[in-house]
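Note that the protein sequences, when read in sequence, are chains V and Z. For the first sequence, full-length UniProt numbering begins at 1 and goes up steadily by one. For the second sequence, full-length UniProt numbering begins at 1 and goes up steadily by one.
Simulated from the structure, these hints should not be mistaken for laboratory data. Any given hint might turn out to be false.
List of simulated lysine-lysine pairs, DSS-like, C-alpha gap at most 30 Å [said to hold, decoys possible]:
{"id": "1", "chain 1": "Z", "residue 1": "K164", "chain 2": "V", "residue 2": "K244"}
{"id": "2", "chain 1": "V", "residue 1": "K156", "chain 2": "Z", "residue 2": "K58"}
{"id": "3", "chain 1": "Z", "residue 1": "K97", "chain 2": "Z", "residue 2": "K58"}
{"id": "4", "chain 1": "Z", "residue 1": "K164", "chain 2": "V", "residue 2": "K156"}
{"id": "5", "chain 1": "V", "residue 1": "K748", "chain 2": "Z", "residue 2": "K49"}
{"id": "6", "chain 1": "V", "residue 1": "K748", "chain 2": "V", "residue 2": "K735"}
{"id": "7", "chain 1": "V", "residue 1": "K105", "chain 2": "V", "residue 2": "K56"}
{"id": "8", "chain 1": "V", "residue 1": "K171", "chain 2": "Z", "residue 2": "K164"}
{"id": "9", "chain 1": "Z", "residue 1": "K103", "chain 2": "V", "residue 2": "K156"}
{"id": "10", "chain 1": "V", "residue 1": "K56", "chain 2": "V", "residue 2": "K171"}
{"id": "11", "chain 1": "Z", "residue 1": "K49", "chain 2": "Z", "residue 2": "K183"}
{"id": "12", "chain 1": "V", "residue 1": "K244", "chain 2": "Z", "residue 2": "K97"}
{"id": "13", "chain 1": "Z", "residue 1": "K164", "chain 2": "V", "residue 2": "K745"}
{"id": "14", "chain 1": "V", "residue 1": "K115", "chain 2": "V", "residue 2": "K105"}
{"id": "15", "chain 1": "Z", "residue 1": "K164", "chain 2": "Z", "residue 2": "K97"}
{"id": "16", "chain 1": "Z", "residue 1": "K58", "chain 2": "V", "residue 2": "K244"}
{"id": "17", "chain 1": "V", "residue 1": "K244", "chain 2": "Z", "residue 2": "K183"}
{"id": "18", "chain 1": "Z", "residue 1": "K49", "chain 2": "V", "residue 2": "K244"}
To list a few chain Z residues with every Cβ distance to chain V over 12 Å, as calculated [to be verified]:
{"id": "19", "residue": "G43"}
{"id": "20", "residue": "Q63"}
{"id": "21", "residue": "G155"}
For each residue, glycine too, the CB sits at the ideal point set by N, CA and C.
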Amino acid sequence: MEFFSQTYVALRGPQGQPQTASETIGRLSDRLSPATLLADRRAAVLALKGLSRDHKQDVGDRALAGLLDVLASDAEIDSDIGKAVLETLIVLCEVDPANKELGFKYTDIVLATEKTVHTLFTLLGDNSFYTRFSTIEYLAILLQNRRQVVQSYFLKAPAGTRNVIAILEDKREIIRNEALTMVQTLVAQSPDIQKVLTFEGAFEKLFNIVTQEGGIEGGVVSQGALTCVDALLRFNTSNQSYFKETQLPPALCSLLLYPYTLPLHEPAPQEFALQFWDDQKAVNAGLVVGILGMLIGTKGSASQEASGYIRCLVEIGLASNAPVRLKTQSLRLLPANMNFPLSEIVVTPYMPVPETNGEEWDRLEPASALDALVELALHGEYNGLDSAKRLKNGLELRAAASTVFENFVHSDEIRHAIIQAMLPVEASAPAPPVTPLLHALASPLDTSSVDLAQISSTHFACLLFAHLLRSSPRAKLSARLIKPGPLHPQQSASAGQFFVPADGASPLAATQAEPDDDEPPQTLLQILSENLSLVLLARSRPDASDGENREWDRVVVGYLSLLSQWLWEDPKSVRDFLDSGGLGTLVEPVNQISESDVLIPSLCAFLLGICYEFNREPGEITRSTIHQIINRLGIDNLVAQISRLREDDRFRAIGPDSIVQASPLVAKPGLPAPKQPSQEEVEIWFDWAFVDFWKSNYYTVQRALPTDPNQLSTSAGQNPETAMLVASLREVIRKQAEEIESLQKRLKEQSTQPNEVPQLQKQVTELTAQVSDSAERQKDLEKEQEDLLVLLDEVSAKRKRDKARLKEAGLEVSEDEADDDEDDDE
Amino acid sequence: MSSITWHYVLKFIITGDAAVGKSSLLIRLTDQRFLTNPDPTLGVEFGSKLISIPDEDKIIKLQCWDTAGTESFRSITRSYYRGAAGCLLVYDVTNRKSFVNTKSWLADVREHADPHLTCILVGNKVDLCDETQDAPAKPRQVSTEEAASFAQQEGILFVEASAKSGVNVELAFVEAAQDILQKIKNGVFDDSRSPGVKLSNQPNPNSLTLEQTSSKNNTCCS
């Protein structure tokens, strides 16, 4: 009652006359001052709240400062006034589309000092539902309007982090969910806030929320929590290293029902591979997969943990019933420098049972992940169930699989091993069974009608095979020797060996007849050149429709791209290609460039240039032969043709991550309008690897065209032998370098006893000194002895004389002495 | 296969003036290497390490937050004090000012942190005082006795260390951890209440950590 009477008085005014809104607001604002009673202030706030919707500007201009004071002093004490003042502030600061200025203006006023933000973060700790709820809501609005300012204040707010963590733990779901939204903005692009929340245990709280909500099945709440986790980790290495130390990464895998500790040789459990999916779950799973990808990226793929995550992504991508987008995302997140043993992992793909609406699935034969990957790229999901339709998701998945393959065969060893598997064990042995890749590549197309599925798989086979050969002389050398065995229908069934035969054979069965006639099996290169000319023929048929021609063009582009990369820098392959009649095939399209596609003549001219440049092996068709043809076609014309490729959108639009493009069928005047493709239909022409290859080499080719046939190669073309020679020399150098290193090490060891030499020298000098010393002494002694001997001699002579004199004198002389003397004398 | 990789997780903060070697101490602890020219820390960096306390037969996981010493980050680093169980308060023995400032750092820590936090005063860069052939000794500006008596007066632990040579670095953490364990034993820390101490109660399925644990057992130098 009090409230109504107060408001009434305020509205009526003292005179009892109707007032304008602004007068009322002025009056109400005055009542906000701390001097009035709490109850009066509360009434005034409530009244202002009522007015704020319709008179936002008046309320804001006059009452904002007062409201902020009330917020600071009263909200904590009285939750009613707290709720009301927060709700009023929300109205004032909300940016409504009609008048954007006002909301920002008031936000700036509120954020002029840190005081209000600090009050708000303190209020988050208030346990009253409405205060807490409205505070979160208001903070969310402030963050939305001026995020960076609020973030900088937050870091200085005394209880900020603690209270933010507290609201994430709130038992009341509404508050917790609102908190998730707010925290997402709060941590955006602020590593400091991300770290401080991590320090306070935000990850654990967020994972608790996800678990409580039922993991990835937990709807938008799980989505919010996972988005927060993602935001805390992305671009924040410190938090990533913290996160990896916790037990949460394995928990991520288990959210996807994938057992993190699964040993390599054990298959993934079925409850992981086959799940019920809806859109929301796919979004949540996408977030988990994104976080896993981030952890792999920062770990480098060598570590043991990372290989667990990689396996998880591989399983999702190749052997699950996850939505296509999720599969594509998983494959794309696999690291580029992946040294993961794809060929050793056994996966169990599944196929939907027809007409069960995805509720029943057939388990297929286990296959190596590498085979499954190739199969996915060649035929699309579920063994080409929908590959005849060029749906965007499907093609993107296949393109992602192709990229994974490219990354996987990055090492020359792996390429070699894969190509070796296509060759007979010994020269005389029969060719090994045709691998699915080879089968898709070498099968001639049925040119009587357009089969989209087959065209796609041939095209993808070209892309994959090009990955194997590109800039690898060794791979090219082996690939020249490939002679695919007869492409029988039954072998086509074995090509799709782990798939239900009923599905695998149909698109290929019709086309098997002709290669059987050839007695000696043809090499792959011969087959490709033959297929190319067949398709070019089909394309030039007058009755073909525009759409059909576009399909033939696509296959031709696939063949030509592969051949360009194959023949580049490989004279022996060029020789093989020319010998199998490739030259004529190429000249034809270049010669008649009227209304046909830009791509084909351009690529033919490019390949012709490559054939000319690298035709360095002796043979029937010499460089001079080609030179004449080039001259007849016109060098300038060819150079221009090659350059035109750059102008084509299908070539220009290719980026490292985007090779799938929308397919706008070119409407040509005078021809019936092509059947309008559905929105989702897309197509693939080139992959980035070829675009990259073309861009780095087209100039060389253009320059090679006018050169004299007798001139030596302009580019440093290496045939496989020289390449191998270089490789072996390199090996020698490497060994020698190692030897030098070890010798140097030994030398160093030797020289690490440098003390010994001077010590020895010192000893030597000491000893020499000693020696010379004693030699001198010895000399002295000898001299002395000599002197003494002389003296003795003299003495004994004197004695003799004396004795003689004594005798003469008649004195007695002892005989002994005389004897002695005689002895001495002797 | 033992299922426990650690018994306790202890949160540590490393604080002190700028350029006294806080980050280097952490890198020395976690990576056993020395950074010759580290960049100044911005905000806070995280590092962690398992140590074992043989006396107690306990394995401890140290989660260390290395804070920035620069004044401009002070308000950010303060947010970390409250949640920590241990604090390394670092000064440079060749820089008197950094020692004098430890008093204000300590006051800061005491104001914001858990009252039971264990603090250890670490005099870093003692290697600089030893004469070597390529560099003359830098004069020591803080004597061991003075720092020790300051630490005693404040009731905190004390050790002199060198991140460059590695001497006493692990010891500093181990001593602080031991003190915290003692406090836990005496029931000072209530597990549910203190944010800086976490008791392991579930087996850890992460086998890689297991291997690390066993290899770390013999490296403790206390």
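Can you give the numbers of the hints that this structure goes against, from lowest to highest?
Per hint list: 2, 3, 4, 5, 8, 10, 12, 19, 20 violated.
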